[in-house]
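Start from the sequences and build out the full structure, keeping to the hints where you can.
Protein chains in written order, with the numbering used here: chain A, 1 to 418; chain B, 1 to 368.
Possibly wrong hints are sitting among the right ones.
Okay, derived cross-link-like pairs now, DMTMM-like style, lysine to aspartate or glutamate, Cα gap no bigger than 25 angstroms in a straight line [to be verified]:
{"hint": "1", "chain 1": "B", "residue 1": "170", "chain 2": "A", "residue 2": "193"}
{"hint": "2", "chain 1": "A", "residue 1": "385", "chain 2": "B", "residue 2": "168"}
{"hint": "3", "chain 1": "A", "residue 1": "385", "chain 2": "B", "residue 2": "208"}
Everything labelled a hint here was simulated from the structure, so no lab data went into it.
Here is how the chains run, residue by residue.
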Amino acid sequence: MAVGSWYCVFGGKQQRRLLILFLLLAIACAGCWDRREPELLAFVLAVGFDKDRDSGDYKIVAQIFNPLAMSQQSGGEGAGGQDKRPSWVVEATGRTPFEARKNLAPMVSRELFWSYARVVLISEQLAREGIRPVMDLLERERQFRLIARPLIVEGDISKALVSEYPLEGCSGQALLRQLETGDKMRSIAPVIETRELINILSQPGRDLLIARLGVRNPKKGVLGERKLDEDEKIVATPPPIYLGGGAAFRGDKMVGWIGNREARAHHWVLGKVRRETLVVESPLDGLPVSIEVFRAQSNMKPKINGDRVTMQIKLQVKGRIQDQVTASDLVSNREALSRLELRFATLIANDIKAAVKQAQELNSDFLGFGNVIYRLQPREWEQLKSDWPQLLSQMKLDLNVEAKVTVAGLIKEPVRIK
Amino acid sequence: MKIKAKIANRQLAFILFMMRTTVTIALLPVLTTADAAQDAWLAAIATFIGSALMLIAISALGVRYPDQTLVQYGAKLVSSWPAKVISLVILSALLVIAATDVRIYGEMLITGFLVQTPLVFITAGMVFAAAVAAWQGIEVIARVAGALFPVFLLMLTLSLTMVLPLVELKNLQPVLARGLMPVIKGSITPTAIAAQMLVLTILIPALEKPRRATGTALWALLGSSLVLVLITIVTVGILGSDQANRSIFPFYVMVRSIEVTEFIQRIEALPVFAWGFGLFVGIATALYCLAQGLAQVLGLSDYRPLVFPLATIQTVFSVQAYKDVFELLSFFKPNIIAPYVLTWFVLSLVPLWVAHTIRQLFVQKGED
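Dropping the structure here:
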């Protein structure tokens, strides 16, 4: 092909049109209209909402990830200085949650980017006054994503975000990991996504239960007020948070805290237990055995007789022995094993009874019994729904827990000490 | 002037499938336009029945005149001038549909991605691309549709299967708790949107096997209805009916509010891309039919000089027809869109069917 022959391609009339088109495309190459360079953004990893007690304004707390700290790690002592911390926590107030968010702009040098905010902390104060306005923002605003996980914070939000988490770079990451780990290892905190939260809010006959995040006072911690030695500090950084229990709601307003045990019952009833350890007393000598549950299935069915409701809950649980304090052989003794299983089942049933009692006291249907009626017997629900809070308090339980121990680890019985 | 271009029936099926599925992905009208709530997937099935009837009303007449467009056989049925009026009604319907499609896409982009961009840039860009395709002719559009179809289907399949583990069928209960009325109401708007199939009035003579047009179109309709049912089940199963119902773009909202794994998230680009492809094919086809039809009404020998003027009109229309997104959404309310579409039919196809039936009854066979 001769040099310059490409030029001839644009000789004809139609080709000349193409040339103009290509030139027009060059304009588009200059960049896009709403472009935002990632280097110039600051990423928010955790966001908290609170309400100012005096003014009634909404307060937003954002934990911002600081990229300078990262570049400093890899590049040694750079121009950024040595004392850049990986995270910065800022807060602002406003009459609406969004105004509060916009009020951060005059204080933060970079444009904030919220899509990576994966944890949403809500203060107890705000939760008690109603979370709908905050949910409206999260749902409406295109930067927020509904995969973020909500938490109700008992204590100070800023403290939870400012605290040091030795294993993680910054608090937002630490909280997200904590939620994943907590949900995987123990079923004592109902971890949900914002998407599910909004769905539950709109479901008839079901109230919210959101995981509780307790904030510890870092100064007091395990060692009290005593001053730490330099060496001691490494091992003695007290954990700043505790994930367990939950906040029970009625509508969008929180009505009370519930404990680990009742939150666990929520997992039992909805068949959501992934792993949880129960300590059962041996039927032979009363000494404890730990059983880890690895599977749980549940089935609920309402029985309606006029305005008397009985909820049938059928639960199938499988567990394995993880350790035993008692020296007796439980596994080869069939009769002992089935008595152990019976105690195991009773323990689970007691969890559920305690939770139902609490639901009735708080008048919050966080176990979703009304929703079961709505889904399975919609016609009856139409009759019951106006009196449901009252009917819930009179509701009877018909529990049928079938708990089995099917695995005992690598050994059958404890060591035979001679 | 006769349409010389020939496209395979299979290609027509691709075009119609993409055209119809696009609106489904966009607004999920079975769910958002009425209160079918968790029964929206049943409304999607009802929609198939409704739109199949509509499709037959449109294409069964065209199939009887396999080598003529509606403009041509209309002239034969009801004489020249009334036929021109009827044709203009159908062409205006095509213009409204195409402009509205573009507008929805534009609103989606300025809501979700390009918040500061003027609407007209998005719609003009999209219409311009479609106009270039329409200018090239229906064969080119059909080939583009054939090329994009696998990609379109792949993106849909991916965005549907990846989210499948998160579907909670509990969200679909109770089934039919409030009787059939909400289901029927929910199916009105999506059935009315099937007026898109009016492109068949012009396209049938361009087919290789025009007599099988109804069957081809029915297959496309069946496919897109299946997608509609699936999308509805998945969206309601993940978001719950209330959250999905309150969303302007439910499928998009669903896709962006899930995390498949830690590494696969933000898959919202998939449906938005698929949507873009479908929209391109849809409005290119509509523009082609508009230009072709208008050329025949005016007695021009070539449709191409009309493509860019019509594209300009469509762009202006897409921006000017609706003041804002709320007005756009209210157009899709059953009590507005249903009479609207019904008027098109009463003014265009009904007189033609009447004339056709009379001819069949009173004019001896063998004359045409």
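Under the constraints set out in the numbered hints, which ones does this structure not fulfil? Structure breaks hint 3 only.
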